[in-house]
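Residue numbers (numbering that gives the first Met the number 0), protein chains in the order written: chain U, 0 to 160; chain C, 0 to 353.
By construction, these hints were calculated from the structure, which means they are not laboratory data. Please note: incorrect hints may appear among the correct ones.
[Claimed, not checked] Covered, in the sense of this in silico footprint (three residues per stretch, anywhere, with C-beta under 8 Å from a C-beta of chain C), are these stretches of chain U:
(1) 123 to 137
(2) 144 to 152
[To be verified] Label-pair distances were calculated between CB atoms; the ranges are:
(3) P72/U x P76/C: 36 to 46 Å
(4) E80/U x G270/C: 55 to 65 Å
(5) S279/C x A83/U: 36 to 46 Å
(6) K94/C x V114/U: 31 to 41 Å
(7) R94/U x I312/C: 40 to 50 Å
(8) E144/U x D142/C: 54 to 64 Å
(9) R119/U x H262/C: 38 to 48 Å
(10) Q221/C x E8/U: 41 to 51 Å
(11) E230/C x R94/U: 23 to 33 Å
(12) H126/U x R247/C: 54 to 64 Å
(13) R257/C x E80/U: 30 to 40 Å
(14) S227/C x E80/U: 26 to 36 Å
(15) D151/U x Y68/C: 24 to 34 Å
All residues carry an ideal CB built from backbone N, CA and C; glycine is no exception.
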Amino acid sequence: MICQRCKNEASVHLTERVGGKRKEIHLCSACAKKSGLGLPESPPNLALDAVVQDLILTHVGELVGELAELACPECGIKYMEFRAGGRLGCPQDYRIFGRGLLPVIQRVHGATRHVGKVARQRPGAIHRLRLRSQLRDAIAREDYEEAARLRDQLRLKDIHA
Amino acid sequence: MTLDDLTKTSGEWLRGNGPESDIVMCSRIRLARNLAEFPFTNRSSRAEKGEIESHFKSALAASRLEMDYFDVNVLPPLDRQFLVERQIISSELAKGEGPRGVAISPHENAAIMVNEEDHLRIQYMLSGFRLHEVWDEINNIDDQLEENLAFAYNPSLGYLTACPTNVGTGIRVGVMLHLPGLVQDKSIDKVFRALQKINLAVRGLYGEGSQAFGDFYQISNQQTLGKSEPELIRILTDVVPQVLLYERQARQRLVTERRQHLHDQVSRAYGVLKTAQTISSEETMLLLSSVRMGINLGLIDDVSIATVNELFIQTQPAFLQKIRGSELDVEDRNVARATYLRSRLANGRMAPEP
Numbered sequence: 000m001i002c003q004r005c006k007n008e009a010s011v012h013l014t015e016r017v018g019g020k021r022k023e024i025h026l027c028s029a030c031a032k033k034s035g036l037g038l039p040e041s042p043p044n045l046a047l048d049a050v051v052q053d054l055i056l057t058h059v060g061e062l063v064g065e066l067a068e069l070a071c072p073e074c075g076i077k078y079m080e081f082r083a084g085g086r087l088g089c090p091q092d093y094r095i096f097g098r099g100l101l102p103v104i105q106r107v108h109g110a111t112r113h114v115g116k117v118a119r120q121r122p123g124a125i126h127r128l129r130l131r132s133q134l135r136d137a138i139a140r141e142d143y144e145e146a147a148r149l150r151d152q153l154r155l156k157d158i159h160a
Numbered sequence: 000m001t002l003d004d005l006t007k008t009s010g011e012w013l014r015g016n017g018p019e020s021d022i023v024m025c026s027r028i029r030l031a032r033n034l035a036e037f038p039f040t041n042r043s044s045r046a047e048k049g050e051i052e053s054h055f056k057s058a059l060a061a062s063r064l065e066m067d068y069f070d071v072n073v074l075p076p077l078d079r080q081f082l083v084e085r086q087i088i089s090s091e092l093a094k095g096e097g098p099r100g101v102a103i104s105p106h107e108n109a110a111i112m113v114n115e116e117d118h119l120r121i122q123y124m125l126s127g128f129r130l131h132e133v134w135d136e137i138n139n140i141d142d143q144l145e146e147n148l149a150f151a152y153n154p155s156l157g158y159l160t161a162c163p164t165n166v167g168t169g170i171r172v173g174v175m176l177h178l179p180g181l182v183q184d185k186s187i188d189k190v191f192r193a194l195q196k197i198n199l200a201v202r203g204l205y206g207e208g209s210q211a212f213g214d215f216y217q218i219s220n221q222q223t224l225g226k227s228e229p230e231l232i233r234i235l236t237d238v239v240p241q242v243l244l245y246e247r248q249a250r251q252r253l254v255t256e257r258r259q260h261l262h263d264q265v266s267r268a269y270g271v272l273k274t275a276q277t278i279s280s281e282e283t284m285l286l287l288s289s290v291r292m293g294i295n296l297g298l299i300d301d302v303s304i305a306t307v308n309e310l311f312i313q314t315q316p317a318f319l320q321k322i323r324g325s326e327l328d329v330e331d332r333n334v335a336r337a338t339y340l341r342s343r344l345a346n347g348r349m350a351p352e353p
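Let the sequences and hints guide you as you build the complete structure.
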C-alpha cells in the first residue's frame with residue numbers, strides 16, 4: 000500500500016465511516032504525523048484493556064471491529080467476550096451475534112442449517128428470559144420494588160407454564 | 000441410592016458384553032440441552048443456577064425416569080473425584096461452583112449433569128457396540144424431560160448450546176475402544192489421522208484433553224449441525240468396524256509373528272498385578288491393558304473381562320480412598336491399590352492382610 004500523499008510505503012491505515020459511507024486513508028508515518036494522525040514516539044500510557052482491544056482489532060480483523068461493541072441486551076455479553084472465551088451468554092446470542100457467528104458455525108460444522116430432532120415449540124420461554132434479565136438489572140441497581148414486581152410476574156407465569 | 004452404595008456395584012457399561020466387546024468397551028451418546036428462559040450456565044447467577052436445578056428436579060420427578068439426584072455442590076472433593084472416575088460427571092462439573100449436580104440411573108447407564116457448560120448434559124452408556132440402542136434410550140429420556148422443560152431451540156440452528164461447536168443436534172456419539180494391538184505395532188497415529196480427516200475426534204479415557212491410558216480411546220463426532228442424529232450415528236457405525244478390523248489384524252500379527260514374546264508380556268503383567276505389594280496407577284493401567292488383550296486372545300482364562308474392565312476404574316485414587324474410608328497419600332494409595340488388585344485377582348478370595 001502506497002501513501003496517498005507522497006508515494007512512500009504507507010504504514011498508517013485509517014477506516015472511517017462518514018454518513019454511512021466507508022472512507023479509507025493510507026499514509027506513510029511522516030505524512031500521518033503532519034496530519035496529526037501519527038503514532039507517538041514513546042509507548043503511550045494506554046490503559047491495558049485499550050491495548051488488548053487494539054491487539055484484538057489488529058489480529059482478529061475488521062468484521063470483529065464492527066461487531067466489537069455489540070452486546071446482547073438479554074444477558075449483557077459482548078461479542079468480543081465470546082470471541083475471547085468461546086462461550087455464549089444466552090440462547091438469544093445466536094440471533095444477536097448472527098452475522099459474526101454464522102461464519103464460525105459454517106467453518107466448524109460445514110453447515111448452517113439444523114437437520115434432525117425438532118424441539119417442542121414453547122413461545123413463552125423467550126418472554127421469560129427477558130423478564131429474568133430485567134430482574135437481574137433491577138437487583139443490580141438495587142430497585143427492589145421493581146425486582147419484587149418482576150419476581151411476582153415470573154411466579155405467576157410459572158403457575159401457568 | 001447413596002454414593003457409598005456405588006462403591007459396591009459397578010456400571011453396566013463395564014460388564015464386557017454386547018457386540019464386539021473384546022474391543023468396544025462401551026457405546027455412549029450425550030445430548031446438550033439448555034432451558035430457553037435462562038442465560039447459559041457461565042452467565043447465570045447463583046440464584047438462577049438454583050432455579051435451573053429446581054426446574055430440572057421437578058421435571059425429573061414428573062417423568063417416569065428412575066434416577067437419583069446428587070447435589071455436587073455439597074459433596075466433599077473426594078466424592079466428586081469418585082464420580083469423575085466412574086465417568087458419571089466431568090471434571091469441569093466437579094471443579095465448578097454454585098448449584099449443580101447429577102442424576103444417575105440405577106445401573107449407571109444414564110447420567111444427567113445439571114449446570115455444566117450447558118444446563119443439561121444427558122449421557123447414556125451401554126457396554127459393547129450398541130449405538131442404536133443407546134440412541135433409543137437417550138431419545139426417550141430427552142422426550143420425557145421435554146414434557147416439562149422448555150429447551151432453547153430455533154428452527155434453523157436447532158438446539159442452542161453455550162458453545163457453537165455443539166449447536167444443532169447437541170449430540171456427541173462415541174465409542175470407547177481398547178486398541179493395544181494398534182498401539183504396539185505403532186500404527187495407531189495413522190488410524191487417528193485418517194479419523195480426523197473425516198471429522199471424527201479421538202480422545203483418551205477421561206475425555207477432552209486427557210491422555211489416553213490403558214490403550215483406551217474414545218472416537219466421536221465433532222460436527223453437530225447439518226446432519227440428523229441417525230446420520231451422525233451411521234458415520235460411527237460405518238467407520239468403527241474398519242478400526243476393529245485393523246485392531247484385530249494387529250493382534251493377529253502379534254500372535255503369529257511374536258507369540259512367545261506376547262505370551263510372556265501378558266503372563267508377566269498378570270503375575271505382577273496378582274502379586275505386587277505396591278503399584279502406581281500408570282503401571283496398573285499398562286498391565287491391565289496387556290491382561291485384557293491376553294484374555295481376548297485366549298492366553299488367560301481364569302479372570303473375566305468384566306473384572307478387568309472394573310479394575311481400570313476401581314484402581315483410581317478416589318475409589319481406593321472411598322473403600323478405605325479415609326484419605327491416603329500417594330504411597331499409601333499404591334499399597335492400597337496392590338492390596339485391592341491381589342484380592343480381586345485371587346478368584347474373589349481376600350488375600351490375608353500382613
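So, going through the hints one by one against the coordinates:
no.: 1; hint: 123 to 137; in the structure: holds (count 8)
no.: 2; hint: 144 to 152; in the structure: violated (count 0)
no.: 3; hint: P72/U x P76/C: 36 to 46 Å; in the structure: holds (39 Å)
no.: 4; hint: E80/U x G270/C: 55 to 65 Å; in the structure: holds (56 Å)
no.: 5; hint: S279/C x A83/U: 36 to 46 Å; in the structure: holds (39 Å)
no.: 6; hint: K94/C x V114/U: 31 to 41 Å; in the structure: holds (35 Å)
no.: 7; hint: R94/U x I312/C: 40 to 50 Å; in the structure: holds (43 Å)
no.: 8; hint: E144/U x D142/C: 54 to 64 Å; in the structure: violated (42 Å)
no.: 9; hint: R119/U x H262/C: 38 to 48 Å; in the structure: violated (58 Å)
no.: 10; hint: Q221/C x E8/U: 41 to 51 Å; in the structure: holds (43 Å)
no.: 11; hint: E230/C x R94/U: 23 to 33 Å; in the structure: holds (26 Å)
no.: 12; hint: H126/U x R247/C: 54 to 64 Å; in the structure: holds (57 Å)
no.: 13; hint: R257/C x E80/U: 30 to 40 Å; in the structure: violated (56 Å)
no.: 14; hint: S227/C x E80/U: 26 to 36 Å; in the structure: holds (32 Å)
no.: 15; hint: D151/U x Y68/C: 24 to 34 Å; in the structure: holds (28 Å)
Hint compliance for this structure: hints 2, 8, 9 and 13 are not met, and every other hint is.
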